[in-house]
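Each protein sequence line maps, in turn, to chains A and B. Using the numbering used here, the letters of the first sequence map in sequence onto residues 297 to 472. Using the numbering used here, the letters of the second sequence map in sequence onto residues 459 to 1193.
Keep in mind the hints are simulated off the structure, nothing from the lab. Don't be surprised by glycine CBs; every beta carbon is placed ideally from N, CA and C. The reader is advised that the hints may include incorrect statements.
To be verified - Label-pair distances were calculated between CB atoms; the ranges are:
(1) Glu359/A to Pro913/B: 51 to 57 Å
(2) Ala1184/B to Ser380/A: 52 to 58 Å
(3) Gly1043/B to Ala368/A: 47 to 53 Å
(4) Lys354/A to Thr1132/B: 34 to 40 Å
(5) Ala805/B to Glu359/A: 51 to 57 Å
(6) Arg299/A to Ala485/B: 46 to 52 Å
(7) Pro430/A to Ile799/B: 54 to 60 Å
(8) His1171/B to Lys373/A: 52 to 58 Å
(9) Pro913/B to Lys373/A: 58 to 64 Å
(10) Arg959/B to Glu359/A: 29 to 35 Å
(11) Asn927/B to Arg342/A: 55 to 61 Å
(12) Asp409/A to Ala1184/B: 49 to 55 Å
(13) Arg959/B to Arg342/A: 28 to 34 Å
(14) Gly514/B to Arg299/A: 25 to 31 Å
Said to hold, decoys possible - Residues from chain A shown here face chain B by an in silico Cβ test under 7 Å; the list is partial:
(15) Asp319
(16) Lys332
(17) Pro346
(18) Ile389
(19) Gly392
As the list claims (entries may be wrong) - Reference listing, derived: stretches of chain B covered by chain A, where coverage requires no fewer than 3 residues with Cβ under 8 Å from a Cβ of chain A:
(20) 1002–1010
(21) 1047–1054
(22) 1134–1141
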Amino acid sequence: VLRIIIVTAWALSLCACGAQPGDFPVPPQRPVSDGKDPGQLGHFLRMDDPMANEYIVKDITNEKAPWRWTLAKPELKLRVPKTSRLTFVMDFIVTGVTFKVTGPVVVTCYLNDNRLGSMRCPAPGQYRFEKPVPPAWAAAGATVTVRPDVDKLWVAPEDGAKLGFLLGAIGFPEEP
Amino acid sequence: MSDTWRILFGAVFTVLFCWAAGRLLLAWIYRGFSRVEMNLLAIPCGAASVSLFVFGLCAAGVARKGVMLWVGVATIGLALWKTRRAAYVRRLPELPKLWLILLIVVIAPFFFVYFLHGLAPEVSPDGVEYHLGNVRRIWLERGFVWDYHNMYCYLSQGFEMLFLVAFEFGRHSAAALVHVAFQLILPILLVTFGLRSGYPRAGCFAAVVAYTSPVVGLDGSIAYNDVGLATVLMSVLYLLHVWSEENNPKLLFLAGLLCGFSYGIKYTALGITAVAVAYVGFVVFRRRGPWATSLALVLAGAAVTASPWVLRNWIWLGNPLAPFFNAWFPNPYYHPGMEQIYREGLAHYEGIPHLWQIPLELTVHGGGNVGGMLGPVFLLAPLALLALRNPLGRLLLFTALVLALPATQNTGSRFLIPALPFVAMAMGIAIGNSPGVAPALAVFHAVLCWPTILPLYCHKYAWRLGPPNLDASFRRIPEMEWVGRHALDVALAPQIHAHVRPDRKIYSFAGRPEAYLDREILVSYESAEANLLNDILLTPLHGYKPTAHRRFAFPPRAVEAVRVAQTAASQSFWSVAELRVYAGGREVPRAPSWRLAAHPNGWEVQLAFDNSPVTRWSSWEASRPGQSMEVRFGRSETIDAVVVESAAEGYSKLRLEGRGSDGRWVELAAQPQTVDVDPPRGMRLAATREVKARGVSHLLIQETDFFYQDLLHNLRYWGLSEIGHANGTHFYRID
Chain A
297 VLRIIIVTAW ALSLCACGAQ PGDFPVPPQR PVSDGKDPGQ LGHFLRMDDP
347 MANEYIVKDI TNEKAPWRWT LAKPELKLRV PKTSRLTFVM DFIVTGVTFK
397 VTGPVVVTCY LNDNRLGSMR CPAPGQYRFE KPVPPAWAAA GATVTVRPDV
447 DKLWVAPEDG AKLGFLLGAI GFPEEP
Chain B
459 MSDTWRILFG AVFTVLFCWA AGRLLLAWIY RGFSRVEMNL LAIPCGAASV
509 SLFVFGLCAA GVARKGVMLW VGVATIGLAL WKTRRAAYVR RLPELPKLWL
559 ILLIVVIAPF FFVYFLHGLA PEVSPDGVEY HLGNVRRIWL ERGFVWDYHN
609 MYCYLSQGFE MLFLVAFEFG RHSAAALVHV AFQLILPILL VTFGLRSGYP
659 RAGCFAAVVA YTSPVVGLDG SIAYNDVGLA TVLMSVLYLL HVWSEENNPK
709 LLFLAGLLCG FSYGIKYTAL GITAVAVAYV GFVVFRRRGP WATSLALVLA
759 GAAVTASPWV LRNWIWLGNP LAPFFNAWFP NPYYHPGMEQ IYREGLAHYE
809 GIPHLWQIPL ELTVHGGGNV GGMLGPVFLL APLALLALRN PLGRLLLFTA
859 LVLALPATQN TGSRFLIPAL PFVAMAMGIA IGNSPGVAPA LAVFHAVLCW
909 PTILPLYCHK YAWRLGPPNL DASFRRIPEM EWVGRHALDV ALAPQIHAHV
959 RPDRKIYSFA GRPEAYLDRE ILVSYESAEA NLLNDILLTP LHGYKPTAHR
1009 RFAFPPRAVE AVRVAQTAAS QSFWSVAELR VYAGGREVPR APSWRLAAHP
1059 NGWEVQLAFD NSPVTRWSSW EASRPGQSME VRFGRSETID AVVVESAAEG
1109 YSKLRLEGRG SDGRWVELAA QPQTVDVDPP RGMRLAATRE VKARGVSHLL
1159 IQETDFFYQD LLHNLRYWGL SEIGHANGTH FYRID
């Protein structure tokens, strides 16, 4: 019996030493998260972003769609990225329905009340407004307000709603 | 076949299978029992054999209904044929008439209640989560599922092997009814044991108070295993007693088989082997008999039925005692730290302010976290000490003491069930000579334990049986409707089955009714994999965010490996979110030639090198000097800094060492400079993406989960969509 006990104890001590993990190679590297945190703004917004409403200060419709209507005085907030060349970009559509009434429109963008520039839209269609931003206007990491104004609004005959254009994306894209 | 008949067939077939196997075994080993004893002991003895047989089928992956049916039928047929003219050399004394009447009057109505509860759809918490959850998984896969990891799968499942036979034919309720059958055997065993040992009144008293005990009533009528275990333990003592009378060594092997089977049912019953060894050693020593042979017979028998579980875990997991003792047997499937947390969680009485209240809660109130009560008469358990004056009383109390030890590690009153019959019997011996006391106490206890009387005095949330519901028992209410009322998550089963692909997993912080769900659910504390998912999901919320960068700076030096070593001791776990190596202010890119190692928990070292802020390597045990993390570059690298990114772990003290081309380790920096940084952005989305990359596509979250409060306000930041909710549980898809 003593022999059995010794052998059993020896076997158990062997198995206690058994599992050793060894070493491992470097695993696949995870990309930096493009997720956002509550209260944290990004520097570029597509209107189908699930968090788009957090960027909107006023006068942009709130449907979940890739293109949203601007109303009388649209305004958004954005965070300024760290970059050597800051460029502001806005993708929008002037629709045929509104164009029939308004005719050619001029879209003017303001950054913290600084006039960034204007763009004339002589026909219905999709446009891209793109302007470099003077470094003094937007410090890296700061939150800025952006106002994309249109000189002529379309007024709905039924309820008097005022529509500007369809906004698709707006902000400061990353440098290529 | 209607549902009820199907259930009854499953249960009766399983019990008959056990009986038949037991009769054949007893006929081979020992024929000196009375007819009642032979038929009674045949069931637990046969259960050990059937359980072993089903274990073999599961290990071989051939646990099929047809195999069980035909082997069972053949065994039953052979047993009937072999026993048709069996002669019984012994007759037990007659039972006192008063007790016979009392037993019938008390046991019959309680049996009726237990039977109806067992017949009703199974909705017990552990039953639907893992006892039958495991059975269902084995049933679906026709054997053990080796790539499924869950601490409850690692436990021995001797009784679940019997459940599996019943489940094949009658599903969940058939399994519960097998337990009801073992529950009924217990009082009859106590009565016959009393008759054989010369204490008939004590046996009858014990039978009544044990059988009517509320926790025995509830536990034995659901798919748990505690009462079945108590029956097997009682059988061990029975066999040892017969052996001490008749001195037939074959009985020792049989008792050993049941000792091993007890361990196979529940680890906590390991003590019965110690009792058997001590008792046999004591008796043989006094008789100056062959003690080595006697003990070897007991241990050999125990090895036959216990070793399959030990070997399974040893081969499968590298830990023969899994899911416990992971610090002794490190393995990648269950963390020692999690085991410690789990055990500590079970060992503390909550909601009971004073120690003196514990006996009251355990016997009368069933409140706090004792989970049910033993019954008021057990307040008189100290009377059992009077039984110390005779040898049987001493054996009973010694056995009870040993079997009650695990209850110090788990506050649930059901952990006292294995000791209960022995205490009851000892109480019976103590008061047996006082005329009328034992029957009066037994009747008093039975009346107080009747399901409709219990609410008059027990805690309102005590775990107990209510009156049976005949509509549920006989399926006049559809089974799933009844289950959905009690196992609330089952209401989400249709959505779970519709949305989660069979090869995907669901993560949950709490256990779920897996006996009714066909998808793999990873529960936060049940496996190392789920621990990791838990960490990942809580990192964006808890203090685990990697905001402390410990920078070891040193003059440029050519090294082939670096090692960060822990130099402090603390009860907290040491963790590392990322370990980065720098040269000239730039991070040295991680190369395929690198080899990574850590001690302890080396299996998860890659978590510190995956560039993810939401994963982290953790020691998963108390921090202590000697723990380390190492990078071998595979070539000489000239470096000048190493940064350890982790949560702000103030208790950690780290040192950096490097190994040069001479193979010697030298200190590169004695201590780091710690810089606090902002947490990385977008950790919520990073967490769910990481979880998804690990095969988990959905989450089940309860409104009481800490995590839920953040989901309530910030769902979109997590990249989750809610698919449905029911009864306070929300079901989310990771987008």
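Structure-based check of all given hints:
{"no.": "1", "hint": "Glu359/A to Pro913/B: 51 to 57 Å", "result": "holds (55 Å)"}
{"no.": "2", "hint": "Ala1184/B to Ser380/A: 52 to 58 Å", "result": "holds (54 Å)"}
{"no.": "3", "hint": "Gly1043/B to Ala368/A: 47 to 53 Å", "result": "holds (52 Å)"}
{"no.": "4", "hint": "Lys354/A to Thr1132/B: 34 to 40 Å", "result": "violated (44 Å)"}
{"no.": "5", "hint": "Ala805/B to Glu359/A: 51 to 57 Å", "result": "holds (56 Å)"}
{"no.": "6", "hint": "Arg299/A to Ala485/B: 46 to 52 Å", "result": "violated (34 Å)"}
{"no.": "7", "hint": "Pro430/A to Ile799/B: 54 to 60 Å", "result": "holds (57 Å)"}
{"no.": "8", "hint": "His1171/B to Lys373/A: 52 to 58 Å", "result": "violated (20 Å)"}
{"no.": "9", "hint": "Pro913/B to Lys373/A: 58 to 64 Å", "result": "holds (60 Å)"}
{"no.": "10", "hint": "Arg959/B to Glu359/A: 29 to 35 Å", "result": "holds (32 Å)"}
{"no.": "11", "hint": "Asn927/B to Arg342/A: 55 to 61 Å", "result": "holds (56 Å)"}
{"no.": "12", "hint": "Asp409/A to Ala1184/B: 49 to 55 Å", "result": "holds (51 Å)"}
{"no.": "13", "hint": "Arg959/B to Arg342/A: 28 to 34 Å", "result": "holds (29 Å)"}
{"no.": "14", "hint": "Gly514/B to Arg299/A: 25 to 31 Å", "result": "holds (29 Å)"}
{"no.": "15", "hint": "Asp319", "result": "holds (4 Å)"}
{"no.": "16", "hint": "Lys332", "result": "holds (6 Å)"}
{"no.": "17", "hint": "Pro346", "result": "holds (5 Å)"}
{"no.": "18", "hint": "Ile389", "result": "violated (26 Å)"}
{"no.": "19", "hint": "Gly392", "result": "violated (34 Å)"}
{"no.": "20", "hint": "1002–1010", "result": "violated (count 0)"}
{"no.": "21", "hint": "1047–1054", "result": "holds (count 6)"}
{"no.": "22", "hint": "1134–1141", "result": "holds (count 4)"}
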